[in-house]
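Take these sequences, add in the hints, and give me the full structure.
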Amino acid sequence: MTETNGDELHASHDVNGHEHADTDEEVADQQNDSNNDVQEEILPPKPKLQPIIAPDMFPPPIVICENPENYPESYRTNTKKEELILTFIENFRRQYHYIYRDRKPLFLNPLNECGLPKFVCTTVQPTLLSFSKLFQWNDAAEFVADHLNYELLEPPHELPKTLWSPEKVLYDHRGNCFDYANLLCSFLIGAGYDAFVVSGYATREVCFMDTTRLPNPYIKKREEKHVERVKPPHKKYTVKPPKDLTSKYDAYMHQRHLDKIQADKNRRQEEENKRIAEIEKPLPDPLYGIRVHAWVLVLPGKREVPEAFFIEPTTGYGKATNDVEYLGIESVWNHQNYWVNMQDCSNGCESLQFDLNDQARWEFMFTYSTSLRGAVTATLNTIGNSAILDEEEDKGTAETTQKDIEVPPSWVRHLDLTPAEFQNRYPHSRKTYFYKKTRVEKYAPYFMKDGIVLKISEFADYDFKELIYVTQKYEHRHDKLEERGHDIRTNTVCETYLPGRPDQLKEHTYGFGPEFERTMIYYDKARLDGLAKRHETMLELTDYFVNPRLDGLAKRHETMLELTDYFVNRDDFLEYRKALFEPRPKKFGPAEKDNQRPIISITERYGRNVELNANDDIRELVFAIKDDKFVITYHRDDIHITPSTRTYVKPINWNDKTITIKWSDDLLLETYQADEDFKQMSKRDLYYKMLKLMEQEEEVTRRVQKAEDEIRDLQNRRQQEELSNELEYSVYDTERNKKSREYRDLLDKRDKEEKRKREIKDVDYLAPFLAAIGKPSRINAHTAQTLRTSAQHDFKERSIRKANLMQARYENEVQELITKQQWYQKHQIGMTKEDELEYQRVCQDAQFRLHILEERLDRHKKLSAEKYLQLESKLNEDPRLKEPYIIPEEKK
Amino acid sequence: MARLYDAIEPEVVSMDMLQNAVESLRADGDNQVVPKEDKLDYSAVNSLRLDFRSILRMENLWLFSNLTKLQMDNNIIERIEGLDTLQKLTWLDLSFNNITNIEGLDTLTELTDLSLYNNRITNIENMDTLKKLNVFSIGNNQVDDENSIRYLRRFDNLRTVCLRGNPFASKPDYYTFTIAHLPQIHFLDYKLIDEAPREEALKKYEIQIQQLITTEDQDREKDKKSDDKKKQHQLHKEAFVENMDQNQLFTAMFKDDSEGQKLLLVPGADELVAQIEEKFVAIVHTMFEFGLKEKETRDKEIDDFWICVNEAKDENTRRAAVIVDEFKEYRTQLFAKEDLEQQGVSSAVAAEYDDALTNLRNKLMALEIALVDQLEETIQTFERNLGEMVSNFTESMRANFGLLRELQAFFNESIINLCVAAVERYMKGELDDEFPDETRDLFADKDTILNACQTSDEIHRSKLDQREDEMFSRISNWLTTMVDNIHEDEEYNRNRKRIIEISRLIDYLRADIEDM
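If you're matching them up, the sequences are chains A and B in order. full-length UniProt numbering puts the first residue of the first sequence at 1, with every later residue one more than the last. full-length UniProt numbering puts the first residue of the second sequence at 1, with every later residue one more than the last.
These aren't lab readings, by the way, just hints derived from the structure by calculation. A virtual CB, placed ideally from N, CA and C, is assigned to each residue, including glycine. One should not assume that every hint holds.
[As the list claims (entries may be wrong)] Label-pair restraints from in silico Cβ distances: (1) Q333(B) <-> V493(A): 31 to 37 Å; (2) I369(B) <-> R268(A): 43 to 49 Å; (3) N493(B) <-> D627(A): 36 to 42 Å; (4) L837(A) <-> L202(B): 39 to 45 Å; (5) D627(A) <-> E491(B): 43 to 49 Å; (6) M365(B) <-> E562(A): 32 to 38 Å; (7) F335(B) <-> V493(A): 38 to 44 Å; (8) S14(B) <-> D627(A): 44 to 50 Å; (9) Q19(B) <-> D713(A): 52 to 58 Å; (10) L202(B) <-> Y743(A): 47 to 53 Å; (11) H257(A) <-> M365(B): 31 to 37 Å; (12) E582(A) <-> E491(B): 52 to 58 Å; (13) E491(B) <-> E562(A): 42 to 48 Å; (14) F335(B) <-> R527(A): 37 to 43 Å.
And the structure:
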């Protein structure tokens, strides 16, 4: 033992110091150890081959532990077993370096947060947290990535000297890649995966957690799927297609032209792609291939994992084992064993095999684990010994003596998270990520006042300057807003809502600019009127036409407002109702808002009602309000090419309610029937039809005005909702929902009261007598007897008194009745009818009272006997009246 | 309750009365805002009220083919009649009349409400076809018969029955009997039937009802079987192989053949007949199977054809409709501009419109002609294919009939041999007791017996010929009728209709500019 070994060995020196008191076997270990030390001392002249990475030449790492007393025992000290393991590891390390001199050091026993060296396998603490969200590997990985803040390794090409416990990492919300991998591995093994921490090398982008070159994972699937129409199978009969009279040469020339354009486009696209690739190519990295990184390997076999894959813990993405970002593997470990990679990594991880039982490729540290890595049975230990230890002995190392060494249980305390901590997922409840041209901000629910949980900002450039689209997702909002997308370029906003709004709004698209367009999509099943979509837009009509009088080109510019309501599943088959408005005269002022805009026309479109004849089933109904016309178009049936139409003109005095409108032939402007066989409507029917249409027009106008009002209401309401932005809490969330908590407290309180009441019910019948003799703490047999008799006596007396009282009242009542009767007898003759009635009523009352009293007396007699027996049995069982006559202190 | 017949003059259902009844149902009454129609459109009326009119005979109602509701209560009707054409009737009220029998309702299959309250009916009967009957009122009649109640069991949709005021209803166990026997009704005499009394009633009549149900099930089974049989037969008929699934043809050959039947008494004929029958039936059966198979292929062919034709027509119609719609759009735009100028259609626009119209007409006509071409060709192909199928069928059947004839010839030969042998034996006096007397003289002479054989053979042959002719003539008839119909409907009628429609449209559209 020399001090020259540097500080890293200081700990093992201590270990050795403790070990003197241990068993012989460990003494032997120590001897081995000192042998190794001797070897180690021989080493220093040799490592000329790798002067940079000689492990013993590190400066002493300083782990400042401010308050070690806050950590549990296992964090501050090493158990004997752990010390034994540490010596064993040290041995392993020396041999390893002796045999493979050009390999880099292994990550074996870094210091923990208390400055104590701990074996990496024991730092893995398999834990299954009680959140179902952490049960799948991708969710768990995402959680770890979200939960921690990333710290870079310093320097990037060296292994860290410390590895904190996953517990500390979890609570501190920060860690380097090893901490990430360790924590994630603990979760995954706990969830039943065959997961390992991997120590190796990766590209700069991975090591720096630089995701700005990755595409945005939250990209919206905006493109709708094109449904390919399946052509019906070939049939026996087909009509020959109509003759094609177009010129083949023209088509050919046209095609050639199109091809040329397409080729041009392709070429430009390719150039563009190349340019983008050039921009996105990372800068050359001087440290390429020696940047140390740690990640997680999941092997197949458990939890239905079909093949081995990596998980990048810093981002939470799954990666294939041949991913080009990973450049090499030094070692892997889990909570049971440690394997050193013996395969060539000169071309990355591409050709690596992950059969850890293959000893040519993976050098293991503990023999038993190889057998444990198969089926887990108790007898496997012996097989492992016989089969594998032979080779061990061939190597002639000291490992034979350590065949029974096991990895001790983890020194880390069980990981735990409160639901609140889990919900706050991110460090300080928020986190920001950068992807290619995208910035993603995540927030914990309830953290932000407006309920935002995710904000995705898409940019046009790589420097995050030119914003093009912002998507914000919300949760727990009172107005049920779920997502808001803001297209900066067109200045339009698309909001989606969850079901449950009073107006059943599902989607709302609107713009801010002068182009006026607004679309509202509703949950049509929840609406009584089946409204599915409402669309409001400004139509701009620009017509150029030749004016014959002026012989010039005139231009007419006209704007019209269009409001369309689309319906689904209505009993009357209404599909949409479209209203055209005249533009409102340009006046300003708030009063303007209340005016209804003048309607030009309303069009209603109906679906086919199969129960009616096509020719009687209205397809389109136009109320040309401005022109005082109705235009009806009927459905076209399968054999006709034209629909029937009918046009009415409103009578001149239609607005005058006092005049009965008379039929005249002018009212029916024109009729077209597709087939002369169709039934002609009688004049009477036409007349009634027109009256009905006029009624309908009023109704429809009202509907349209209502729709307008609804839009205005919606705008106002949305503004108010935006301002109030209160979040709502689930009734099950007692931590946040005040009402819920109050209710629960109330229940608790009621429970308690109930309990108390029950206690009170058990009246202590001995208390008054005990009080009479001054509440002694002990009594003797005699006193007990006295107490007993006095209690019984008291009870008897009380019941007799009660009975007497009732008896007395009864007699009293009888006496009164008799007097009354006598009085009646006397005055019977000169009595009025009313008095007589009064007398009868009094008598009845008295009789009733008598009856009740009688019953009560009876009941008392019966009950008092029973009660007496009860009292007696209670007194017999009372512990205070028995040996040793101790009277417990009364609880207050 | 006797009505004073003689005091009332019976009325006749006249045109005036009907007109009046129809008019009175209209809301406007005598209002003169609409000119009165001179003619009554009978088929447009779906509800008619002819009550308190002393009508004696239900007549002159046959024109109201779309009538769904007819009220003829409080008349003096004695017979239900004249309702055969009112097949859409769902509501019929004949209460307070003098009807004695339920009859004449067989065609009213849609009827759900029937009221015969206060009549003189003694038996509930003749209502088997009213499957949809829901409410039935027969109160205040002379029904006094358990069987009438049992009769109502057959109406599965019956929910309300009124039996009050009948002699039967005054019997003590009337209520329990009725609710036990009519489990489907919910209301008896307009009162809801409770569960408890019904269960009790059901318990009381458990055995009788059980028996009823068994017999009803048997009846139903029988009906179903005969129905199936009918359907089967229809199918065979359409395949032109009816009565060929078993030995019907063979037995038919011997049925009208009295001579032949005597001949069969010849010793050894039994085995021969059995042998021949087996072969014969085997051949007939193959013909039967073949026929069914052929029918299937024919049906498939026809289906394919119709799918193709309908698709072609739909596609064509759709395209034409698109053209028309586009034109209408164009028309509105064209005239919308004009109207804003506050003057008539300018001549330039009129000319443009006229050109567009001609163009439209040409387009539509071109489409129609293309369709006619397409259909014509397809129909021809179809006709050819189907003709081949039919001739294939005929040939194959002919060959089989040939086989049957050969078999008959063989049979004849064998029977002649047997007969000759028998005659010889008779000559020798060998057969004495075996023959019955009446056939004895047949075997007395060789010529007689040969004659008899020949007659029998001829009869058998003619039977076969007859069957063959029938089959072939029917199938060729079927083919020509169908093909003719297709030509008529699809080529001629359809085309004419479309052309008329196009010209109507063009005329209608041209009127726009002709007015101005």
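Results of checking the hints against the structure:
1. For Q333(B) and V493(A), the Cβ-Cβ distance of about 35 Å falls inside the hinted range of 31 to 37 Å, so the restraint holds.
2. For I369(B) and R268(A), the hinted distance range of 43 to 49 Å is satisfied, since their beta carbons lie about 48 Å from each other.
3. In this structure the supplied range 36 to 42 Å holds for N493(B) paired with D627(A), their Cβ-Cβ distance being about 40 Å.
4. The beta-carbon spacing between L837(A) and L202(B), approximately 54 Å, falls outside the hinted interval of 39 to 45 Å.
5. Between D627(A) and E491(B) the Cβ separation comes to about 45 Å, which falls inside the hinted range of 43 to 49 Å.
6. For M365(B) and E562(A), the Cβ-Cβ distance of about 37 Å falls inside the hinted range of 32 to 38 Å, so the restraint holds.
7. Restraint check, F335(B) to V493(A): a C-beta distance of roughly 40 Å satisfies the suggested window 38 to 44 Å.
8. A hinted range of 44 to 50 Å for the beta carbons of S14(B) and D627(A) is consistent with their spacing of about 48 Å.
9. About 55 Å separates the C-beta atoms of Q19(B) and D713(A), a value consistent with the hinted range of 52 to 58 Å.
10. For the pair L202(B) and Y743(A), the beta carbons lie near 52 Å from each other, so the given range of 47 to 53 Å is met.
11. A beta carbon spacing of about 34 Å between H257(A) and M365(B) agrees with the range 31 to 37 Å that was offered as a hint.
12. Range check, E582(A) to E491(B): about 53 Å between beta-carbon atoms, so the 52 to 58 Å window is met.
13. Against the hinted window of 42 to 48 Å, the Cβ-Cβ separation of E491(B) and E562(A) comes to about 47 Å, which satisfies the hint.
14. Roughly 38 Å separates the CB atoms of F335(B) and R527(A), a value that falls within the hinted 37 to 43 Å.
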